[in-house]
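Asker: Position chain B with the ligand against the provided structure of chain A, taking the given hints into account.
Chains as they are written, first to last, in the working numbering: chain A, 1 to 493; chain B, 494 to 666.
I should point out that these hints are in silico values taken from the structure, not numbers from a laboratory.
Beta carbons: idealized from backbone N, C-alpha and C, even for Gly.
Possibly wrong hints are sitting among the right ones.
Said to hold, decoys possible - To spell it out: a stretch of chain A is covered by chain B in this simulated footprint if at least three of its residues, at any positions, have a beta carbon under 8 angstroms from a beta carbon of chain B; those stretches are:
(1) 137 to 149
(2) 195 to 204
(3) 276 to 284
(4) 312 to 324
Here is how the chains run, residue by residue.
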Amino acid sequence: MGHRAWFDRGRPIGGAPGARLVRAGRGEWRAIAEDFAAAGARLLALWGQGGEAGEPTVFAAYDAAHGLLIAALGCGAGDDSSSEYPGLQDLFPFAARMQRAVRDLVGLRASAMDPRPWLRHGDGGDYPFVRVAGDGVHEIPVGPVHAGIIEPGHFRFSVVGEKVLRLEQRLGYAHKDIERRFREFDALEGHRLAARVSGDSAVAYAWAYCQALEGASKHEIPPRAAWLRALALELERIENHLGDLGALGNDAGFAFGLTQFSRLKEQVLRASETALGQRYLLDAVAPGGMRVDLSRSGAAVLADTVTAVAAESIELRSIYDEHAGLRDRFAGAGTVTPELAARLGLTGLAGRASGQAQDLRIDRPWAPYDRLGPAKCGATGGDVAARVEQRFEELAESCRLVGRILEGLPAGESIAPPPACEDGFGVGLVEGWRGPVLVALSIGEAGRIRFCHPHDPSWQNWPVLEHAIIGNIVPDFPLINKSFNLSYSGHDL
Amino acid sequence: MLKTLQKIRRVGCVSEPPPAASAAAAAREREALQGRILEILGRALCIRVVDAGSCNACELEINALGNPIYNIEGLGVRFVASPRHADLLLVTGPVTRNMREALLRTYEATPDPKLVVAVGDCAATGGVFGESGESLGRISNVIPVDATIAGCPPSPTRLLAGLLTVIEAARGA
Ligand code: SF4
Numbered sequence: 001m002g003h004r005a006w007f008d009r010g011r012p013i014g015g016a017p018g019a020r021l022v023r024a025g026r027g028e029w030r031a032i033a034e035d036f037a038a039a040g041a042r043l044l045a046l047w048g049q050g051g052e053a054g055e056p057t058v059f060a061a062y063d064a065a066h067g068l069l070i071a072a073l074g075c076g077a078g079d080d081s082s083s084e085y086p087g088l089q090d091l092f093p094f095a096a097r098m099q100r101a102v103r104d105l106v107g108l109r110a111s112a113m114d115p116r117p118w119l120r121h122g123d124g125g126d127y128p129f130v131r132v133a134g135d136g137v138h139e140i141p142v143g144p145v146h147a148g149i150i151e152p153g154h155f156r157f158s159v160v161g162e163k164v165l166r167l168e169q170r171l172g173y174a175h176k177d178i179e180r181r182f183r184e185f186d187a188l189e190g191h192r193l194a195a196r197v198s199g200d201s202a203v204a205y206a207w208a209y210c211q212a213l214e215g216a217s218k219h220e221i222p223p224r225a226a227w228l229r230a231l232a233l234e235l236e237r238i239e240n241h242l243g244d245l246g247a248l249g250n251d252a253g254f255a256f257g258l259t260q261f262s263r264l265k266e267q268v269l270r271a272s273e274t275a276l277g278q279r280y281l282l283d284a285v286a287p288g289g290m291r292v293d294l295s296r297s298g299a300a301v302l303a304d305t306v307t308a309v310a311a312e313s314i315e316l317r318s319i320y321d322e323h324a325g326l327r328d329r330f331a332g333a334g335t336v337t338p339e340l341a342a343r344l345g346l347t348g349l350a351g352r353a354s355g356q357a358q359d360l361r362i363d364r365p366w367a368p369y370d371r372l373g374p375a376k377c378g379a380t381g382g383d384v385a386a387r388v389e390q391r392f393e394e395l396a397e398s399c400r401l402v403g404r405i406l407e408g409l410p411a412g413e414s415i416a417p418p419p420a421c422e423d424g425f426g427v428g429l430v431e432g433w434r435g436p437v438l439v440a441l442s443i444g445e446a447g448r449i450r451f452c453h454p455h456d457p458s459w460q461n462w463p464v465l466e467h468a469i470i471g472n473i474v475p476d477f478p479l480i481n482k483s484f485n486l487s488y489s490g491h492d493l
Numbered sequence: 494m495l496k497t498l499q500k501i502r503r504v505g506c507v508s509e510p511p512p513a514a515s516a517a518a519a520a521r522e523r524e525a526l527q528g529r530i531l532e533i534l535g536r537a538l539c540i541r542v543v544d545a546g547s548c549n550a551c552e553l554e555i556n557a558l559g560n561p562i563y564n565i566e567g568l569g570v571r572f573v574a575s576p577r578h579a580d581l582l583l584v585t586g587p588v589t590r591n592m593r594e595a596l597l598r599t600y601e602a603t604p605d606p607k608l609v610v611a612v613g614d615c616a617a618t619g620g621v622f623g624e625s626g627e628s629l630g631r632i633s634n635v636i637p638v639d640a641t642i643a644g645c646p647p648s649p650t651r652l653l654a655g656l657l658t659v660i661e662a663a664r665g666a
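In isolation and in its complexed conformation, chain A is listed as follows (with noise of 0.2 angstroms):
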């Protein structure tokens, strides 16, 4: 069967354009997953629900040409409750990682697993690192409070002199049982813990929740509020950029590029506070479209800010450019080829500088995007000098649709909320800056959550970063693991 006749025999589901659901018999779920993957299609998320939302279930979400399917396989209660679900991770590597997840959460075991917890750490015991044997190397331990103002992980590098032989991961140190949080939830209020699963991406989490409960809801959201929230998107990429980029000259021993692009972004939040009300923007994507509106004089400032940042972007990325020493730390660093990239299912941002020209918006344009025509940009080369080529290009796109935003922002209402659901099922779907995020949302009795689960990109990316570093020295790991500037939060859950 290929993968088309799987959507066929879905059933649409509410929220991002395109989605549909088919619930899988037993023996059908290793076979969509091998009808996409031998479609050269994407695995964006699996998860799992437990009982106490209806039979524990597993989920994984396919993005294929034409569309998201999502595959449901029941665990049942009843002689098969002890039996285990077949596992994708020969199929999709990155699914490891989710199925420990599913287990520590819902109790759902994948057949072949790795047996150690992942986002569960438990009381006790230490951890079995996988350990390489050989004369001269050690071991490295790393976090997971680490030096500088990041999130919290644990890193095990195994080393012969300074070169990295093996990085492990360890994480789930941020786990604070969001999806279980989210049960505690009213849908209508569920936005707010949403933007809150990784902050650095509030807009796009919480359109992509909003999506799935208007999805839902079968609730159309006025023009005005769909471009508004994109302005919010678009920002929200432009500032990540902007303090990335910063962030890598610093790492690769340039001050001076950590001050001018971290006044760039100050200058960006303080926009966004005049013009939105908000620095960070975790509180404007709300049920029905924004909650906030944009005056003509907001506007302005956003439009004249966004005009001197794109400008001042170009003469600092000439600066990068020719700089030797940049040039020298980010050229051959950490580097990720296309087939790596595409065998490991590297996505978002960093996938698009090793060839894996992806991009939802462009690929799955959700409104506003199909009438903004946002441009694709994308490298190969796969090492740190290409993932800040892409966050340049990037922000000078983001930047331009800015523009066209709030040039084309129709009039109109910029909310209308949305009447409580009982009993609904939606996914949302957005491409944040680091990737795509998707929700995935089950509305119950008196409009309560009943189930939901937010996926973030780095679960894709983590575990490729243990591979980039391969041959890298230790003193490279914090630009390269930069570059790549994955959430431990989002992952965590």
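Answerer: Chain B with the ligand in isolation, oriented as in the chain A frame:
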């Protein structure tokens, strides 16, 4: 290099005076504050940041303190890489169960006298994540806290004002 220097010259000095903690303190200026920090400690104030499980937006605003507009280093405040060199722990997030031990160890490794400031609504109250088996809620559920700075996330201005209040109170004590 020339371009870099030209850029530095054109941008000039963009640092702003730090915010006042209260209306009564409105007249406080950058140098006076720096002078007071030096007077209290006899040297720079060393801060160690611990993310005990935040959503990462609190870190974004703490990082912003280092940008040339807030220029926290210019105020005599330094972020240090080891708790052993720290006078003050700035802790974010609700404490996750998985971070409990690391937070306790960091606290114990910080020499006395030490100050602990809980940054953000999560650190102050548990915030949007509340308390559960995995999210242990506010920082003071795990280590003693001297002060909290509210906000989700608190802006750099609020952070500076909060830090100033804490330092002044410590001097008064
Ligand atoms: S206070 Fe707000 S910004 Fe800070 S960690 Fe909590 S949710 Fe994130």
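Asker: Compare the structure with each hint and give your call.
Answerer: Evaluated hints:
1. 137 to 149: Coverage by chain B holds here, the residue count being 5 at a Cβ distance below 8 angstroms.
2. 195 to 204: holds (count 6)
3. 276 to 284: holds (count 3)
4. 312 to 324: holds (count 6)
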